[in-house]
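J.: All chains, full assembly: derive it from the sequences and hints.
Chains as they are written, first to last, in the numbering used here: chain A, 1 to 579; chain B, 1001 to 1305.
There is no bait here: all hints are sound.
Calculated pairs, DSS-like style, for lysine-lysine (alpha carbon to alpha carbon, straight line, at most 25 Å):
#1 A:K137 with A:K155
#2 A:K90 with A:K2
#3 A:K380 with A:K406
#4 A:K373 with B:K1281
#5 A:K380 with B:K1284
#6 B:K1281 with A:K380
#7 A:K445 with A:K329
#8 A:K377 with B:K1281
#9 A:K445 with A:K356
#10 B:K1030 with A:K373
#11 A:K329 with A:K349
#12 A:K445 with A:K406
#13 A:K15 with A:K5
#14 A:K228 with A:K155
#15 A:K445 with A:K373
#16 A:K64 with A:K155
#17 A:K319 with A:K329
#18 A:K5 with A:K406
#19 A:K90 with A:K406
#20 A:K319 with B:K1030
#21 B:K1284 with A:K373
#22 A:K329 with A:K356
#23 A:K419 with A:K2
#24 B:K1284 with A:K377
What the hints contain is simulated information worked out from the structure, not anything from laboratory work.
Chain by chain, the residues run as shown.
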Amino acid sequence: MKCDKFIEALGARVKILEVTRQYEDQVTALVGLSDLPEAVRFLYYDMGGYLSTMVANDERSINKNYALYYALSMEGGKMFEGDEIAQDEKCFVTVKVLVSPENLTYPSVTPLVPACVWYEREAYDMFGLIADGLPDKRRLVLSDDWPEDLFPLRKDAMDYRYRPDMKEHYNEPEYEFLRPEGSGIIDVPLGPLHVTADEPGHFRLFCDGDIIVDADYRLFYQHRGMEKLAENRMNYDQMGYLAERVCGICGYAHAIACIEAAEKAINLEIPARAQAIRIICSEIERLHSHLLNIGLACEVTGNYTAFMHIFRIREYSMKLAELVTGGRKTYGNVVMGGLRRDITGVEIKESLRILKIIETQVEEVWDAVMDDKRQIKRWKGVGVLDKQVARDFSAVGPNIRGSGIKRDTRYDHPYDFFKQIEFDIAVVEGGDVFAREMVRYLELKSSVSIIRQCFELMPQTAIIVDPTFHVKPENFALAYVEAPRGENVHWIMQGSAQKVFRWRCRAATYNNWPSLRFQFRGNTIADAALIVCSLDPCYSCTERVTVVDIKSKKSKILTNKDLKDFSKTLKNSPMKDLR
Amino acid sequence: MSYFYLFLQLISAILVAPLFDGIARKLRAKYQSRIGPSIFQTYRDLYKLLKRGRTKSHSTSFIYQIAPYLMFATTAAMFCALPITYESYSIFARFSDIFVIIYLGALFRFTFIISGFDTANPFAGVGSSREATIGFYSEAVAICCLIVVMLGAGSSNIPLIAAIIRDGNYGYFVPSYAIASTAFLWVMYVETGRKPYDLAEAEQELQEGVLGEYCGKDLAIIDVALMLKQFSMLGFFLILFEPWHFNNPILSLLLFLAEIGFLYVFAIFIDNFGPRFTMGKWMKLTMLFPLSIASIALMLYIIGV
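T.: See below:
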């Protein structure tokens, strides 16, 4: 069986207490608390693993302990030619430890494996689990004025409707940025609203003259608590839709990752046609996401003409999505066991025609952009992600493939229909913005070819299996999807009564943020926005605005529609009934 | 009467500038496969901004408040110093001097920079220091070219220089003058602050990095001032190097506005394609070209051709 080799090697190193298998390529090994750092380090560096996700879980109702799951994708270090595990041996190995609720501490893995830093910070925010030896113990996810002793994801912590009192904005504690030593260093805040993406994220750049010496950032200004929401009241069919709303761009990847995690936990195989259509939809999503990012990389440098032309092409990819799913952006067709909507032959024919348009036009515009030496000079040598840094922090997606590491979930752990499709993995050396945009361009081309192959090989089966199944409580599984920004990993532990016990959704960008500060270093302020953009960051956005009148201290929630109406007509001011 | 014409010169420029801006936007949109806004959109934008109130952050001082008016007054004076509707015998002629325009330009830049610093917005601060750096690059080139013209024509009085050129005593048959005109046009384009010479370091919108904190009425006034500055800079080139002219002040005003409009609109062929320059890499490199052209002109003048 897969994974046995790694478990054997791990067993020779540390004492394994228990081994459980979740799926054919997923194994969990329970180790003792003191062995944890060594076990993760051994799998990560010696056996060639990448950290896919780390899940903290409140299992006091199951085994009277908290549990930590470090899920590693065993695929080889990929630092040089041949440093890769054979294709049929790639798998996921999860290291599990139990943390007792009395002392709540566990030894931190971060000093040995830097990729764990954000996960361990989040484990404190959500569960109050303290990583002993973690170099950076600041809050990550929750706001700075969150009550000290309230850990929202603990099962007994709080009702999901509960909102702790907000502090007055002038009483809010200041977030401490990690400031580098030295004199003459100027802070330049980029945010809290990012200047070009118009999304919430505070980047503090520490500059010596023009050059960025170091950077630190505070994100999660709009954490929406979706994991808590899903745990409490959603069934599996609803969760697919909730997961799709995690992101405004790559939501579909989240939807299938979430549903497939649940499907894997009960070993449910979905029909081939549904698999193919899921692949088509996620590749369409890749088309429009990459077009968006290449367009923005032009726009941030001031090349509006290229930006507009790329967005014109992007419109075709939205049209394609409309043909295949009925929706331009949020497709909403994933349910447990398959899909809700099939496509007809006419739609396939029309889709192939649009695909041809996209293919030729992308090539034309890209050639034009590449002819512009000034544009290439703005991209080359900027925001370099060193190969070793990428390895240490388990970066994903075009970010790591631009640094010359061939890491793609579609290739490492082929899921769904990808087993039957041939495609190229775009890997570009260099690690700069240019390399990342080049990866995206090459992926656009391979996406077009994947979609075409799917349409041609379209199996004639049903699109959904009978969704009567029995969910077994305490079963868990990982599901992984290569979203446009990289690997999305969802981890689901099932609970009773068709509800989830714990849902851990790890978006691609989560693994890319921690290495960003290394990309900033040594660049000029002029390129800061470009570097952030080339990462293709995905902030979570909400569509609601809160209006607060400072004088009367009253607040009111405006919906998107109210705000738009007011902006158009200037009537019915939302401020009126506040005074 | 001459006051009336001077007034007309300024008012017509203010009234017509948004139209040319609108045409440039429309044309730019065409090249970006967009329909684009109507050519009167800039008027609407200004009207909308003028209706809005102003905001002011706690860290600002009186500089922030007076800067828009100061900028507008400076650019208005700069535009009035261009002898379009008056000749060398008019009473304003003695104010219309190359040095007056240079110093008004410097005053404008100074106001612009301190208004950015005054807001304590880090991006405005960065933008301001960039604006100052652009000044270092462009002013040296401009002065080199102007020295050639001033010494060649024997005066720093603009109406006088224009008259000498029109009479045919000085002009493109003098190589140093002809070469200086190339560098001067280049540097005047840089002074208009359009891409690729706007501020990559600041906000994504051209000079708005410096103006990040301004809004409403203040922003509208600054927008008009910036447009007037662009007109003055292009006009400065036209007056010195293309002094076409009618005897009727109204006709020469119309001709002049048409020329400026032509330059203003067709500059989109430069600013619409390609990314903007960063200060470190490209700004330095590309400003070397006009500097060397200007130096050649100066050398040619010194050796007497």
